[in-house]
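Protein chains: 2
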Amino acid sequence: MVSEQKEEYREYHSPHSGIFLTKERILFKERSPYQEIEIFENGFFGRVLTLDGLVMTTERDEFIYHEMLVHPAMVSHPSPEKVLIVGGGDGGTAREVLKYPVKEVHLVEIDGMVIEASRKYLPTISSALDDERLRIHVEDATKWIEGRRDEFDLVIVDSTDPIGPAEGLIGEAFFRNVFQSLKDDGIMVIQSESPHYHLDTIRTIAQRLSKVFPILHMYTAPIPTYPGGYWAFSMATKGLRIEERQPIPQGLKYFNRSIYRGAFALPTFLKDRVKDLVKEPF
Amino acid sequence: MVSEQKEEYREYHSPHSGIFLTKERILFKERSPYQEIEIFENGFFGRVLTLDGLVMTTERDEFIYHEMLVHPAMVSHPSPEKVLIVGGGDGGTAREVLKYPVKEVHLVEIDGMVIEASRKYLPTISSALDDERLRIHVEDATKWIEGRRDEFDLVIVDSTDPIGPAEGLIGEAFFRNVFQSLKDDGIMVIQSESPHYHLDTIRTIAQRLSKVFPILHMYTAPIPTYPGGYWAFSMATKGLRIEERQPIPQGLKYFNRSIYRGAFALPTFLKDRVKDLVKEPF
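In order, the protein sequence lines correspond to chains A and B.
Residue numbers for the first sequence follow this note's numbering, beginning at 1 and rising by one.
Residue numbers for the second sequence follow this note's numbering, beginning at 1 and rising by one.
Next up, chain A with everything else stripped away, as it sits in the complex (with noise of 0.2 Å):
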């Protein structure tokens, strides 16, 4: 008997680790202006979104990314009418974020293939696209956010790593233009990539935030299928104090009251690296 050989995707997060997923069945491969866009499906993680070779979202663990990603910020503003997601073109971002009776939300995606394939191939994560109160531009988001003023609730950073398209989302001019589009009481949340592997960028993201936002907080989350399972999120304010203000929405699968506190208290070894940067909230 011939065995049949799986075709397998091999993501490295060093030189000398990562994971594996089998492909069951590729359902889109295409190269975009941007980056190379790939959907295939897996065994147990379900349909897996890649960009560029890495994890993006896959059906089985978005639920926890997306959800820490919205829910901390969203439950913390006292009013969260109007809000900004950049990038996030799978469109679970937006999913969370019209969980609340927000008025308007703005979804500024550089690839406009992303937002088609995740359509097409990801309804669950895609399924709020159509929401009447998203707007979404395929337009470069550092420039889309230029002399914006005082306008949203909230800015929430749901980019790919910090390499290649989404390089300028951690660059301070970005961060000063974030601050000057938010209101008074407005809150920033941008993914802030893996504690087990990436610290340095961890501490850079954090430095260039503090630059510009009087307070900042770090959180983080487990999440399987990025580098190391786990997961940083930083969160900066104009002087909001960080409390419940919103009620949690039914229905979700990871956040809740007690993650909302627990999620800030940081591992020493992360605590360490961002201690003169960042305020535990709780």
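Please keep in mind that the hints were generated in silico from the structure rather than gathered at the bench.
You may find that some hints are simply not true.
Straight-line distance between alpha carbons at most 30 Å, and here's what the computed DSS-like set of lysine-lysine pairs gives [to be verified]:
1. A:K183 - A:K143
2. A:K253 - B:K271
3. B:K275 - B:K211
4. B:K99 - B:K279
5. A:K211 - A:K143
6. B:K271 - A:K279
7. B:K279 - A:K271
8. A:K279 - B:K253
9. B:K275 - A:K253
10. A:K99 - B:K82
11. B:K120 - B:K23
12. A:K279 - B:K143
13. B:K183 - B:K120
14. B:K143 - B:K211
15. A:K82 - A:K103
16. A:K183 - A:K275
17. B:K103 - B:K143
18. A:K238 - A:K99
19. B:K99 - A:K271
20. A:K275 - A:K99
21. B:K253 - A:K211
22. A:K271 - B:K253
23. B:K23 - A:K23
24. A:K238 - A:K271
25. A:K183 - A:K238
26. B:K271 - A:K99
27. B:K271 - A:K271
28. B:K103 - A:K275
29. A:K120 - A:K103
30. B:K82 - B:K279
31. A:K275 - A:K211
32. A:K82 - A:K183
33. A:K99 - B:K279
34. A:K253 - B:K103
35. B:K211 - A:K253
36. A:K183 - A:K103
37. A:K275 - B:K120
38. A:K279 - B:K99
Predicted model only: the values in this text are computed from it and were never measured.
Chain B: place on chain A using the hints.
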């Protein structure tokens, strides 16, 4: 030029997913009466101990597992003097326990070859195995513990996955013996597998523990080389209320006061599976 194909370690966490680590050098590989023991060198995680092809510990990330297995219980106990470690042949758990002014620690490991290999090849982990307060018993802990009454302040179960030699260590009979071996204010802790991959096992452990112990807590920690990078721990008491009673040792790299409280915050997908059995202590 011929490129050299390096040997690779692969661990399947499901039939469709897992991690790979390059094997820079194999330091030890032998079959004991109980299991296949291997220690190899990896360029990112340092030396890696595997038993029957599953990562038990690595030099780089072992501090997270060992600190989180030991310190939440140690700091909660009014006076931790006599401690039993079940398994833990690599010595990492003993090293953490011995950071407190305990009087007597018993380590009951079924496989003497794990102890010897760790002494030789994992010096930073096994460093405390020669502490004069430690007594090592190369025996089956399920038998060793039988008939012991009101003897220990803490029982810490640092076992392999509950298949093969460690299966009895999640049995109700063993839990009853642990209960009886503990003093009235005693605490039991047991590593409880991955919320991303082993929710059924987590529930089984919780069900059996809660048949025996009146109070059961659960907490988690992110450990990159374990399945999904995320691990659960169960903590059971005869009635003792969990609160900080001991000073936290200096020099820890993961555990701190914020983590002590935050780690017990369970994500909803895990809480939903154990909420009839597990109580949040804070």
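Each hint, compared with the structure:
| no. | hint | in the structure |
| --- | --- | --- |
| 1 | A:K183 - A:K143 | holds (19 Å) |
| 2 | A:K253 - B:K271 | holds (10 Å) |
| 3 | B:K275 - B:K211 | holds (15 Å) |
| 4 | B:K99 - B:K279 | holds (28 Å) |
| 5 | A:K211 - A:K143 | holds (21 Å) |
| 6 | B:K271 - A:K279 | holds (28 Å) |
| 7 | B:K279 - A:K271 | holds (28 Å) |
| 8 | A:K279 - B:K253 | holds (19 Å) |
| 9 | B:K275 - A:K253 | holds (14 Å) |
| 10 | A:K99 - B:K82 | violated (51 Å) |
| 11 | B:K120 - B:K23 | holds (19 Å) |
| 12 | A:K279 - B:K143 | violated (49 Å) |
| 13 | B:K183 - B:K120 | violated (35 Å) |
| 14 | B:K143 - B:K211 | holds (21 Å) |
| 15 | A:K82 - A:K103 | holds (6 Å) |
| 16 | A:K183 - A:K275 | holds (27 Å) |
| 17 | B:K103 - B:K143 | holds (23 Å) |
| 18 | A:K238 - A:K99 | holds (25 Å) |
| 19 | B:K99 - A:K271 | holds (22 Å) |
| 20 | A:K275 - A:K99 | violated (33 Å) |
| 21 | B:K253 - A:K211 | holds (27 Å) |
| 22 | A:K271 - B:K253 | holds (10 Å) |
| 23 | B:K23 - A:K23 | holds (24 Å) |
| 24 | A:K238 - A:K271 | holds (22 Å) |
| 25 | A:K183 - A:K238 | holds (9 Å) |
| 26 | B:K271 - A:K99 | holds (22 Å) |
| 27 | B:K271 - A:K271 | holds (27 Å) |
| 28 | B:K103 - A:K275 | violated (36 Å) |
| 29 | A:K120 - A:K103 | holds (26 Å) |
| 30 | B:K82 - B:K279 | holds (26 Å) |
| 31 | A:K275 - A:K211 | holds (15 Å) |
| 32 | A:K82 - A:K183 | holds (10 Å) |
| 33 | A:K99 - B:K279 | holds (29 Å) |
| 34 | A:K253 - B:K103 | violated (44 Å) |
| 35 | B:K211 - A:K253 | holds (27 Å) |
| 36 | A:K183 - A:K103 | holds (15 Å) |
| 37 | A:K275 - B:K120 | violated (37 Å) |
| 38 | A:K279 - B:K99 | holds (29 Å) |
Hints 10, 12, 13, 20, 28, 34, 37 from the earlier list are contradicted by this structure; the remaining hints agree with it.
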